[in-house]
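Protein chains: 2
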Amino acid sequence: MTLTRREFTRLSALGIAASVAPSLPAQSSSTKTGYAIIGLGRIADHFMAGILNTSNSRVAALVSGHRDKAERIAAQYGVPSESIYSYEKFDEIAKNKDVQAVYVALPNSMHAEYTIRAAKAGKHVLCEKPMSTSVADAEAMIAACKAANVKLMIAYRCHYEPTNLKAVQLIRSGAIGQVQAIESAFGFPIAAGEWRLNKNLSGGGPLVDVGIYALNACRYLTGEEPAHISAFASVIDHDGRFNTVEENVSWTMKFPSGIVASCNTTYGALMGGYFRVHGPKGWVAADPAFNYDGNRLLASFDGKQLDEPNPARDPYQFTAQADHFSHCIQYGLEPKTPGEEGLRDMRYIAEIYRSAGLTLG
Amino acid sequence: MTLTRREFTRLSALGIAASVAPSLPAQSSSTKTGYAIIGLGRIADHFMAGILNTSNSRVAALVSGHRDKAERIAAQYGVPSESIYSYEKFDEIAKNKDVQAVYVALPNSMHAEYTIRAAKAGKHVLCEKPMSTSVADAEAMIAACKAANVKLMIAYRCHYEPTNLKAVQLIRSGAIGQVQAIESAFGFPIAAGEWRLNKNLSGGGPLVDVGIYALNACRYLTGEEPAHISAFASVIDHDGRFNTVEENVSWTMKFPSGIVASCNTTYGALMGGYFRVHGPKGWVAADPAFNYDGNRLLASFDGKQLDEPNPARDPYQFTAQADHFSHCIQYGLEPKTPGEEGLRDMRYIAEIYRSAGLTLG
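Protein sequence lines, in the order shown, are assigned to chains A and B.
Throughout the first sequence, residue numbering follows our numbering, covering 261 to 621 in sequence.
Throughout the second sequence, residue numbering follows our numbering, covering 261 to 621 in sequence.
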């Protein structure tokens, strides 16, 4: 039985690829950037499935504390057994010529260590958001990658997502005139027991996990950096979930042009993720804006009403992201969302927490 | 040609009632509360049209600086010529037995003076929002009405509007669980030359005019008073409109339970008015929430999706408002939105301005 790449991706997305195609031939094109996947949690599944739809990237190695799980996934993605690493032996990856880059999909507090170790091993780094659990760590990650002459990209998938990109284009085109105000929010009710609820691993609550999308969106939608930030945070549900991280954060920002933005994030409520951008000639919104798929662009300007659901299906954003980073590696270009982009968010997040009487990390 | 009340209201809403029915018989039931309309601007038109649909209220007198305009409207509403007052002669209204109440629809900075003069004339007062242009004025208005033993109600029409009322009921019923976070915004691009752009008349910009709806909504949706407020304001368009008032305000609030709310208001952009309320079991929204008609309730909880446009047409909110106040007058009840409700908003508005480095009034 031979599966096309497209068929495999669909089966993989359904979680049944392994049972149908237990040993896919290794992706072998020498023009493809080989990624070591560090951490085999949920988001790594999306990323690996996404990679299958690229023409320039492949899964070349796995790093995990669970050998069994890693071997199962290795078989699925055609990764040779010798390219499975434990965390202890991770540094040996320096010798693996099949690996040009790593994808850091670990709990947030481990991003800095593995980014720096990967850089020292001579590998380019694609690191999940939030970049780190402290500003100092983010700075150290950038410095380590610079010193090792490897690229560092933060996995801000919305920068590679057509609904968000079109919103930015509409705004930049002047369709709604000078932006005045933005609202954005992202949150969900979290289940007890998630590692994200342990501040030692996460560095913070919903703000670092999903609020960061609203924060980052306000920045790419305006093309400006917030000049002033003010925030409140709270815990309402004293049910054991929020012993170390906040449950809700509300913050407002003022940008140099005068644009104001108000944002919410929560781990305690059904919120979804959206933004609304208001100008004198119209408005642009996305709702949902930050989902893995099903995002929808809404706009009104020039007598036109836009309502454009994005038909692309997960893992298209992960495909676009891997494609972009591999392209940058292969052609010596700077990624659209380098470490500096992540560092800026970490500084704003630290400022939001400070304003709310909390601390990051 | 005889017009039914319904027909007249519809024609009136179209602005052509006067030409078709130049002299409607005076509304004469002695059980109806007679209102003196102070200020004959746009909102007074809505209010007077709204009164025609009540069974307990009538337009009994007009107060205006423009005798011609007042006579035209008097003919339309069956107000006798001797019940038309200039501002100078307003205090003579004390002797007018047809008038039990006044509706203060003047520029904001005149609300206090005419509320207090009306109270001294022994008339109940229904005053438009914002109640005043200073906290001290709001306090003086309450004191004057207390001293004169007349009722004072602030015209918060959304408290009498079914879309908003149903949202409150759903939340109080526990449909979405403990509220965690709210977003609300209201704004529009203002035309040059409006009196609202003159701070001496308005007391402030979009915050006192339309942002007050978002502020007030956060309070009635939660049933709580904000414990902490933080805000930013800005002027982006230096085109002469914003020489004395702000163009944009963004603010965040934290309530005693821990609920957080983030809000925006603008005079510089197409924003509309809406709110979104998030709980662990679902969400409730209205979009639009604050329009004269066409409001729409949206909610998701218990596997249910609500999408309920309110079919009622303007001036139904003004009808409900007049009906409520007349009922309170006739039966000696306290209105749902007394002066104290307006005073609270004035205090929060003063706090929002203070936080943003501005001043109210």
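No lab work stands behind these hints, which were simulated from the structure alone.
Just so you know, not all the hints are guaranteed correct.
Which copy is meant is left open, so a pair is good if it fits within one copy or across any two.
Here are the simulated DMTMM-like pairs of lysine to aspartate or glutamate, each with C-alpha atoms no more than 25 angstroms apart in a straight line [stated by the list, open to error]:
(1) 329 - 342
(2) 541 - 499
(3) 596 - 547
(4) 355 - 600
(5) 541 - 454
(6) 541 - 594
(7) 541 - 553
(8) 292 - 568
(9) 426 - 547
(10) 541 - 568
(11) 541 - 497
(12) 406 - 600
(13) 380 - 399
(14) 355 - 611
(15) 380 - 352
(16) 349 - 305
(17) 355 - 485
(18) 564 - 547
(19) 406 - 562
(20) 426 - 574
(21) 596 - 454
(22) 426 - 600
Identical-chain pair category, residue 426 with residue 574, by Cα at 25 angstroms:
Classified as within: same-chain Cα gap 18 angstroms, cross-chain 37 angstroms, threshold 25 angstroms.
Please work out whether the CA atoms of residue 349 and residue 305 approach to 25 angstroms or closer within one copy, between two copies, in both situations, or in neither?
within (22 angstroms within a copy, 79 angstroms between copies)
For the identical chains here, do residue 564 and residue 547 meet the 25 angstroms Cα criterion within one copy, between copies, both, or neither?
both (18 angstroms within a copy, 19 angstroms between copies)
Within a copy, between copies, both or neither: where do residue 596 and residue 547 come within 25 angstroms Cα-Cα?
Only inside one copy: residue 596 and residue 547 sit 24 angstroms apart there, 35 angstroms across copies, limit 25 angstroms.
For residue 355 and residue 485, with the copy left unspecified, which applies at a CA distance of at most 25 angstroms: within, between, both, or neither?
neither (41 angstroms within a copy, 62 angstroms between copies)
Classify it for me, residue 541 with residue 499: is the Cα-Cα distance of at most 25 angstroms met within a copy, between copies, both or neither?
between (46 angstroms within a copy, 16 angstroms between copies)
Pop the pair residue 406 and residue 600 into one bin, within, between, both or neither, using alpha-carbon distances up to 25 angstroms.
Intra 11 angstroms, inter 62 angstroms, cutoff 25 angstroms: intra-copy only.
Please work out whether the CA atoms of residue 329 and residue 342 approach to 25 angstroms or closer within one copy, between two copies, in both situations, or in neither?
Within one copy, since 15 angstroms is at most 25 angstroms while 91 angstroms is not.
Intra/inter-copy verdict for residue 541 and residue 568 if alpha-carbon distance must be at most 25 angstroms:
Close inside one copy (19 angstroms), not across copies (28 angstroms); limit 25 angstroms.
Residue 380 and residue 352: within-copy, between-copy, both or neither at 25 angstroms Cα:
Within. Shortest intra-copy distance 11 angstroms satisfies the 25 angstroms Cα cut-off; inter-copy 89 angstroms does not.
At 25 angstroms max between alpha carbons, let me know whether residue 355 reaches residue 600 within a copy, between copies, both or neither.
neither (28 angstroms within a copy, 74 angstroms between copies)
Using 25 angstroms as the alpha carbon limit, work out where residue 426 and residue 547 are close: within a copy, between copies, both or neither.
both (13 angstroms within a copy, 24 angstroms between copies)
Against the hints set out earlier in the document, violations occur for numbers 4, 6, 8, 14, 17, 19, 21.
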